[in-house]
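Visitor: Make the full structure from the sequences, and use the hints.
Here are the chains, one letter per residue:
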Amino acid sequence: DAGVIQSPRHEVTEMGQEVTLRCKPISGHDYLFWYRQTMMRGLELLIYFNNNVPIDDSGMPEDRFSAKMPNASFSTLKIQPSEPRDSAVYFCASSRHPSGNTIYFGEGSWLTVV
Amino acid sequence: GESVGLHLPTLSVQEGDNSIINCAYSNSASDYFIWYKQESGKGPQFIIDIRSNMDKRQGQRVTVLLNKTVKHLSLQIAATQPGDSAVYFCAENTVRFGNEKLTFGTGTRLTIIP
Numbered sequence: 001d002a003g004v005i006q007s008p009r010h011e012v013t014e015m016g017q018e019v020t021l022r023c024k025p026i027s028g029h030d031y032l033f034w035y036r037q038t039m040m041r042g043l044e045l046l047i048y049f050n051n052n053v054p055i056d057d058s059g060m061p062e063d064r065f066s067a068k069m070p071n072a073s074f075s076t077l078k079i080q081p082s083e084p085r086d087s088a089v090y091f092c093a094s095s096r097h098p099s100g101n102t103i104y105f106g107e108g109s110w111l112t113v114v
Numbered sequence: 115g116e117s118v119g120l121h122l123p124t125l126s127v128q129e130g131d132n133s134i135i136n137c138a139y140s141n142s143a144s145d146y147f148i149w150y151k152q153e154s155g156k157g158p159q160f161i162i163d164i165r166s167n168m169d170k171r172q173g174q175r176v177t178v179l180l181n182k183t184v185k186h187l188s189l190q191i192a193a194t195q196p197g198d199s200a201v202y203f204c205a206e207n208t209v210r211f212g213n214e215k216l217t218f219g220t221g222t223r224l225t226i227i228p
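Chains as they are written, first to last, in our numbering: chain U, 1 to 114; chain G, 115 to 228.
By construction, these hints were calculated from the structure, which means they are not laboratory data.
Computed from a predicted structure; not experimentally measured.
One or more of the hints may lead you astray.
Each computed DSSO-like pair below joins lysine-lysine, with the alpha-carbon atoms no more than 30 Å apart [claimed, not checked]:
1) U:K68 to U:K24
2) G:K156 to U:K78
3) G:K156 to U:K68
4) U:K68 to U:K78
5) G:K170 to G:K156
6) U:K24 to U:K78
7) G:K156 to U:K24
8) G:K185 to G:K170
9) G:K185 to G:K156
Guide: Here you go:
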């Protein structure tokens, strides 16, 4: 299995620009998660999907952030406009179910907004 | 000004010795717990899990202990190796507004001294 695949691995962008992060979950996993990791706040859940439907987006920081899952094998996290405080590592993860099943993480997208 | 990040507990262990990493969780209703390992520049990687109806579970060189009375979880790593150097996170499965999700602790940095 290829695991959870994220792109880009690294991105440096200027403040105000749109950023799109991409994720391909493990085939057969019904749940997809977007996490953000920073030194200040640790690992935070932003949003998760079940069968392509957003279930809990209470962790999304503000309206500048949006996430979509148009099909079972693809999801995007978009930041528009980006700000320096958005600099973080963004992880995508997937599982068969969040309870009682392992959540597998991708390698992360390292975002720097200057 | 100086930024203040999370104070990550650290643990240094001589190679070959055993290590114990501790974690306190918050929700007495949590029913599933996972330990993750995160190496530098990588995503969190599953190590071992345990359900609330158990108090101990063993894997290869790792043992997780669960004490529900005091809401405490520990990860024991036997005969540590240099490759065990990483940040270790505990995660608890919580239910919020009817939705389940994993909530991560702040992590402990384990350094194996050759």
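Visitor: Each of the hints needs a verdict: does it hold here or not?
Guide: Outcome of the hint check:
1. With a C-alpha separation of about 12 Å, the suggested pairing of K68 of chain U with K24 of chain U holds against the 30 Å cut-off.
2. Of the pairs offered as hints, the one joining K156 of chain G and K78 of chain U holds, with about 22 Å between alpha carbons and a cut-off of 30 Å not exceeded.
3. With a C-alpha separation of about 24 Å, the suggested pair K156 of chain G and K68 of chain U falls inside the 30 Å cut-off, and the hint holds.
4. Between the alpha carbons of K68 of chain U and K78 of chain U the distance comes to roughly 8 Å, so the proposed pair stays at or under 30 Å and holds.
5. At most 30 Å may separate the alpha-carbon atoms for a hinted pair to count; K170 of chain G and K156 of chain G meet this at roughly 28 Å.
6. Taking the CA atoms of K24 of chain U and K78 of chain U, the gap is about 15 Å. The hint holds against a cut of 30 Å.
7. This hinted pair checks out: K156 of chain G and K24 of chain U have alpha carbons roughly 17 Å apart, not beyond 30 Å.
8. Pair hint K185 of chain G plus K170 of chain G holds up; C-alpha atoms about 14 Å apart against a cutoff of 30 Å.
9. Under the criterion of a C-alpha separation no larger than 30 Å, the hint pairing K185 of chain G with K156 of chain G is consistent with the structure, at around 29 Å.
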